[in-house]
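Peer 1: Chain by chain, the residues run as shown.
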Amino acid sequence: MIVDCAQYREGRRAQDAPLSVDAAAALCTLDEGFVWMGIVDPAPDELEHVKERFGLHELAVEDAQNFHLRPKIEKYDDDIYFVVLRTAQDDLELDRLVFGEVSMFIGPRFVITVRQGTASDLHPARLRLERRPELLAEGPISVLWAVLDQIVDDYAPVVEGLERDIEQIEASVFSGESAPTERIYKLRREATDFYRAVHPLLGPLNALENGAYPEIGRGLRQYFRDVNDHAKLVNEEVLAQRDLLATILQANMAVITVEQNDVVRKISGWAAIVAVPTFIASLYGMNFEHMPETDWKYGYVFVVALMIAIGAALYAFLRRINWL
Amino acid sequence: MIVDCAQYREGRRAQDAPLSVDAAAALCTLDEGFVWMGIVDPAPDELEHVKERFGLHELAVEDAQNFHLRPKIEKYDDDIYFVVLRTAQDDLELDRLVFGEVSMFIGPRFVITVRQGTASDLHPARLRLERRPELLAEGPISVLWAVLDQIVDDYAPVVEGLERDIEQIEASVFSGESAPTERIYKLRREATDFYRAVHPLLGPLNALENGAYPEIGRGLRQYFRDVNDHAKLVNEEVLAQRDLLATILQANMAVITVEQNDVVRKISGWAAIVAVPTFIASLYGMNFEHMPETDWKYGYVFVVALMIAIGAALYAFLRRINWL
Amino acid sequence: MIVDCAQYREGRRAQDAPLSVDAAAALCTLDEGFVWMGIVDPAPDELEHVKERFGLHELAVEDAQNFHLRPKIEKYDDDIYFVVLRTAQDDLELDRLVFGEVSMFIGPRFVITVRQGTASDLHPARLRLERRPELLAEGPISVLWAVLDQIVDDYAPVVEGLERDIEQIEASVFSGESAPTERIYKLRREATDFYRAVHPLLGPLNALENGAYPEIGRGLRQYFRDVNDHAKLVNEEVLAQRDLLATILQANMAVITVEQNDVVRKISGWAAIVAVPTFIASLYGMNFEHMPETDWKYGYVFVVALMIAIGAALYAFLRRINWL
Amino acid sequence: MIVDCAQYREGRRAQDAPLSVDAAAALCTLDEGFVWMGIVDPAPDELEHVKERFGLHELAVEDAQNFHLRPKIEKYDDDIYFVVLRTAQDDLELDRLVFGEVSMFIGPRFVITVRQGTASDLHPARLRLERRPELLAEGPISVLWAVLDQIVDDYAPVVEGLERDIEQIEASVFSGESAPTERIYKLRREATDFYRAVHPLLGPLNALENGAYPEIGRGLRQYFRDVNDHAKLVNEEVLAQRDLLATILQANMAVITVEQNDVVRKISGWAAIVAVPTFIASLYGMNFEHMPETDWKYGYVFVVALMIAIGAALYAFLRRINWL
Amino acid sequence: MIVDCAQYREGRRAQDAPLSVDAAAALCTLDEGFVWMGIVDPAPDELEHVKERFGLHELAVEDAQNFHLRPKIEKYDDDIYFVVLRTAQDDLELDRLVFGEVSMFIGPRFVITVRQGTASDLHPARLRLERRPELLAEGPISVLWAVLDQIVDDYAPVVEGLERDIEQIEASVFSGESAPTERIYKLRREATDFYRAVHPLLGPLNALENGAYPEIGRGLRQYFRDVNDHAKLVNEEVLAQRDLLATILQANMAVITVEQNDVVRKISGWAAIVAVPTFIASLYGMNFEHMPETDWKYGYVFVVALMIAIGAALYAFLRRINWL
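Residue numbers (my numbering), protein chains in the order written: chain H, 17 to 340; chain D, 17 to 340; chain P, 17 to 340; chain R, 17 to 340; chain E, 17 to 340.
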């Protein structure tokens with residue numbers, strides 16, 4: 017579905033209402049401005065139509081229809097860039113990360129953005145860019161910046177969400193109230209998925225920053241460097257989080273084992289407190305003819321008192337050595 | 017065994033019936049088109065015959081007869097490429113991965129593909145290529161693309177199978193119903209084997225994409241880039257799976273230990289519930305002359321009631337602290 | 017808040033009193049000397065004012081206002097360097113590392129340093145540089161050296177603090193007195209945070225040392241090499257500390273388990289010492305008519321003596337095999 | 017000890033009987049053919065003599081006398097290559113890997129091979145090369161290929177031996193019959209030693225393949241590429257084996273712990289089956305006057321039956337929850 | 017303290033008695049030979065004096081006074097090399113590694129070596145070099161070789177010491193007599209410290225070997241390659257040792273846990289042997305009127321025999337399943 021389509025000339029939007037595919041393709045033949053068409057979850061024939069009108073490469077169109085790709089920035093021979101980006105979002109309801117994909121075709125006179133899955137809405141990027149005519153005037157490549165900038169900015173809350181989850185897990189591990197092994201594992205899996213969305217982007221972003229594509233002017237390149245900086249920061253943060261989660265898994269194990277030690281000590285302590293009086297009781301349960309104590313008047317009271325004294329002494333001793 | 021052999025001229029298959037080795041070799045001397053010969057599990061003398069007629073290098077022929085090689089793309093001095101690829105398949109009956117090998121000799125006027133082991137059938141690649149005359153017209157190198165494309169596409173179900181297995185293992189680990197250590201290990205071993213089939217291919221595929229071989233036109237190169245993209249994706253997925261499996265192994269360990277804690281607590285709890293009444297019983301088993309309770313009429317009933325009360329109180333307490 | 021601002025000409029400070037922003041900007045238009053303005057925790061409009069007067073790039077100003085960035089050294093087209101540095105300090109009260117940020121704008125005629133968070137005071141760097149006119153005479157880039165030098169020097173006590181903490185943890189782990197899993201984990205997290213402050217700086221420092229920026233004379237470059245050396249040393253030390261902490265976590269686990277073994281043995285030993293006499297007691301509690309020993313005069317004394325003897329023998333034996 | 021020495025001219029061996037050092041050195045001054053001298057475990061003065069007659073570099077001769085070196089291929093200024101290779105063999109008697117060393121001096125007119133320790137016999141390499149005059153005719157460098165080829169081929173059985181050992185360990189770990197920690201460790205150590213024999217060879221082999229030494233013709237280079245391929249394969253296999261062994265060590269740990277859980281459960285189960293009847297027995301051991309059951313005629317039979325019933329019920333229950 | 021100082025001309029020592037600083041500095045202005053001054057633990061003012069007379073760079077002198085630096089080889093603009101090396105020694109008394117530092121200033125006409133801490137004595141290097149006039153004649157840079165050679169040679173006994181320690185630890189872990197966790201950890205820490213002394217040296221040594229410094233003639237370069245070879249070997253050995261020690265730590269853990277299993281089984285076995293007879297005893301301690309066995313004449317003997325039989329049977333059974 018085409019959600020918006022407009023021509024931009026001299027840094028300004030030329031039409032308010034969205035253009036049709038054919039009208040847009042016609043405008044692309046002019047030697048002026050460029051068209052930005054935004055498509056969401058396209059039907060195959062829709063994309064086929066766009067492909068024919070804009071002369072897109074079949075491999076790129078195939079990729080734009082697929083899902084679960086690596087982020088990449090490629091240039092085709094006919095000077096058309098094909099870009100795949102992965103968006104990430106913290107789905108608060110499902111309490112897990114959801115990923116989406118944005119594909120872009122960037123020709124000399126057009127930009128086609130294709131959103132798939134739960135990809136971030138690109139409308140804010142369009143509005144932001146429209147407010148900056150000096151960047152828009154740099155041509156279609158400025159749209160690449162606007163989209164990259166938004167997607168990478170949208171990574172920040174994901175990193176923060178992971179950070180929050182890690183802090184909760186730390187608290188839970190070290191308070192000893194529960195051993196959140198499953199949660200640590202799931203979070204590590206999410207961090208890995210997220211890392212795979214971010215990391216492959218760094219290579220192409222470096223290429224953009226370092227001027228591998230001469231179409232991109234020096235002024236715009238500083239904006240790509242800015243995006244690259246943010247992506248590198250996100251990448252380093254996720255790497256550190258993965259490392260932390262691996263360490264927590266080990267710390268968790270140590271905490272569980274220490275707790276086991278405590279449990280075993282506590283159990284044994286109480287067992288001792290019961291076992292010694294039981295022994296004394298069975299002692300006086302023996303059927304010997306000549307057991308002087310059994311004939312004493314206060315023998316029973318004395319023995320019970322002895323049991324209580326021994327139990328109390330053991331309890332005090334075990335407390336002192338921290339077994340209870 | 018030669019399973020198919022035909023000459024391709026101007027993007028079309030020239031003969032319907034398979035050619036003999038000698039006829040094929042003769043056609044190769046012409047300055048037009050190329051021959052594609054498909055061999056499966058060749059006998060040594062069969063390969064020797066092909067080697068002589070097509071002038072293949074002894075080292076390449078030796079490799080094509082061997083098994084368990086690294087994937088590679090080599091160029092011999094006489095402009096003959098020698099390619100080794102590893103195919104992977106999920107053998108559902110054996111419930112494990114099986115690997116096969118495809119060797120290719122690519123000369124200016126011929127392509128010889130040699131399948132070994134449980135290598136994927138290359139017939140679909142041939143049919144697909146025959147339906148695309150514009151690629152066939154690029155010469156023998158287009159066959160390299162067709163074969164690479166099919167083999168790398170065939171990796172996808174393997175990755176999905178590993179993914180499914182990992183999800184089953186996750187469920188099994190965290191449900192605590194069993195500790196699938198052996199299965200985790202076996203899967204990690206498979207993932208490593210698969211990684212070794214895929215990873216060494218990336219270097220040569222990058223070389224193909226980046227134009228290290230000038231015979232490959234720019235148009236075709238975009239098709240190799242597409243294959244490279246898929247191979248990189250598979251590679252990243254397998255790497256992530258290996259990492260996950262290592263983490264599961266650790267998580268599994270933590271889950272086992274937590275379960276051990278639970279078992280120890282449960283056992284100790286029941287032991288306490290039995291031990292305290294046992295102590296009371298042995299108390300009243302003592303043979304003192306003067307034990308007032310033993311003379312009471314309801315002494316016995318009272319003591320049994322006391323035991324039940326203490327047992328119940330212990331049970332309630334242990335439930336509350338989650339030991340039972 | 018502007019904390020100091022002065023022009024430096026021919027290696028000397030030109031004014032004693034701090035300049036205003038406008039005065040400083042005016043002096044920058046002269047073809048002589050440079051201005052160094054120090055700002056601490058700037059208000060947004062303050063920075064906006066500076067930006068307009070000194071013609072700073074919007075992206076750089078945005079970064080200078082943000083927090084939690086990667087250290088970096090960038091050059092903008094208009095020959096203005098933008099530098100982000102992370103400072104680290106051991107907060108003895110909170111007993112944890114605190115990080116601050118210093119951003120620098122370095123133009124041909126000015127240096128603006130912006131401190132944020134608990135960043136180190138830069139006044140000592142200014143004083144040190146003022147005492148070295150021959151370096152000051154190299155222009156604004158000498159300020160970059162002075163600030164880098166101070167910040168990297170300030171890393172040293174942090175490394176030493178981590179080292180001290182590690183030694184305490186080692187002592188505590190191997191004395192067995194407590195299992196400081198949480199402390200190991202927290203320290204490893206700190207070391208990771210610190211590593212992330214230091215590591216990204218190495219790339220730009222190498223570029224400075226190797227002459228990537230021709231503005232920096234050969235003489236000054238040796239001073240940057242010196243800073244780079246120190247940063248590399250800090251980086252290697254932190255890496256080694258992270259590795260050590262991971263190893264301690266494992267060693268800790270082994271120590272805990274050995275201790276568990278000891279506990280289990282000790283408990284079982286005492287259990288045996290109690291269980292055997294208890295068995296003997298219950299033996300003589302049997303109600304057989306014909307139990308000769310029960311009729312002996314010293315039967316009881318003999319049996320109690322037997323119990324003590326067996327208990328003592330068991331105790332001696334268990335001591336000998338180190339179970340008690 | 018010189019084991020063989022002959023001159024090769026136009027691809028053929030010139031003398032049947034081994035030459036003396038002096039005769040060989042004299043032949044090296046001619047402008048034709050080359051001499052191949054094979055030495056085994058040389059005495060220092062023997063090597064000194066060879067050094068003087070062939071003008072070898074003192075550092076190279078020193079290395080040829082030492083043991084436990086890194087594999088390397090060096091070129092000295094006087095166009096003499098010095099090569100150190102490590103051979104590996106599975107000593108079936110000692111059931112461990114033994115390593116040997118082969119040093120080579122390769123000049124324009126001579127090759128001197130020095131075997132040390134349990135290095136592979138090089139005679140087969142000589143015979144194989146003598147059967148290929150076209151390679152021999154390429155000069156002394158063809159001997160480097162022949163020796164490299166044999167040594168790298170001899171790595172294959174070592175890899176297979178490690179593989180067999182790993183499979184045995186896997187079977188042993190997962191059958192639970194024993195915990196082969198020591199064997200896993202020893203094997204990992206061997207794999208590491210072997211890796212260190214193979215890995216440093218890859219760099220020089222790559223240099224040989226990529227034409228870093230112009231003396232080596234393009235035809236011969238394909239033979240070095242073949243050796244390189246095999247070495248890379250061995251290297252990847254050993255790396256994968258090391259990784260597997262690390263994983264087995266962890267899996268082993270998990271299996272041991274699961275087994276521990278089983279043991280604890282089994283013990284506790286039987287303890288319960290004994291403890292409950294013991295409690296009942298002590299109940300009826302109490303000395304109350306009024307215990308109606310004790311007066312019943314079949315009280316005893318009933319209680320014993322109750323004990324058996326409870327024991328059986330517990331047994332059935334524990335079986336059902338897999339504790340027994 | 018200056019320990020030796022002499023001028024070397026045409027490969028020979030010119031004076032027998034040590035020169036003073038001023039005399040040495042004067043000789044450096046001549047266009048012939050070079051001066052080698054050896055200083056040990058210099059006082060600050062001593063170094064200040066040397067710095068002024070030889071025109072050393074302040075940064076280099078600062079580094080030479082510091083301790084705990086990274087090994088490095090730097091060149092200052094005035095053609096003076098500054099070298100920092102770390103020496104390592106096995107202190108047999110303290111049973112740990114001690115590190116020292118050697119700094120070198122190498123100008124066109126002088127070499128100043130500064131030893132600090134427990135750095136190796138450099139006198140042997142001087143004597144060895146004096147015996148090789150042809151190397152001495154290459155100028156001051158030959159001293160760099162002689163010092164590097166000695167220091168790297170001195171690493172060998174350290175590696176061997178670590179190897180011996182590892183073998184002792186292996187024996188101790190697998191004999192099960194003790195769990196040397198602390199010793200493993202301490203050794204790993206030492207190996208890491210040693211690695212940090214050796215590893216940073218490889219980069220500069222490679223640069224020396226590959227001719228990055230044109231002052232070094234091709235002949236001498238082969239000597240630096242020799243040192244580089246040894247350093248690379250040491251580096252690989254230490255890396256392998258660190259890896260081994262990490263594996264031992266894990267193997268240690270597995271051995272401890274297996275031992276724990278054994279202990280638990282042994283304890284439970286003996287508990288069973290005591291528990292069953294105890295149950296029988298309490299059975300016959302019941303106070304039922306009608307317990308036929310209690311009236312039998314040999315009831316008591318029979319029951320005791322039964323207990324012994326059951327105990328023996330249990331013992332035999334538990335031995336057979338390896339629990340005792």
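If you are wondering where the hints come from, they were derived from the structure by calculation, not from laboratory data.
Do not take every clue at face value.
Because identical chains cannot be distinguished in the list, a pair is counted as satisfied if it fits within a single copy or across any two copies.
To be verified - Below, a list of computed lysine-lysine pairs in the BS3-like style, where the Cα atoms sit at most 25 Å apart:
| id | residue 1 | residue 2 |
| --- | --- | --- |
| 1 | K313 | K202 |
| 2 | K248 | K88 |
| 3 | K91 | K67 |
| 4 | K91 | K282 |
| 5 | K88 | K67 |
| 6 | K67 | K202 |
| 7 | K202 | K91 |
Peer 1: Please flag the earlier hints that this structure goes against, numbers listed from lowest up.
Peer 2: 1, 4, 6 and 7
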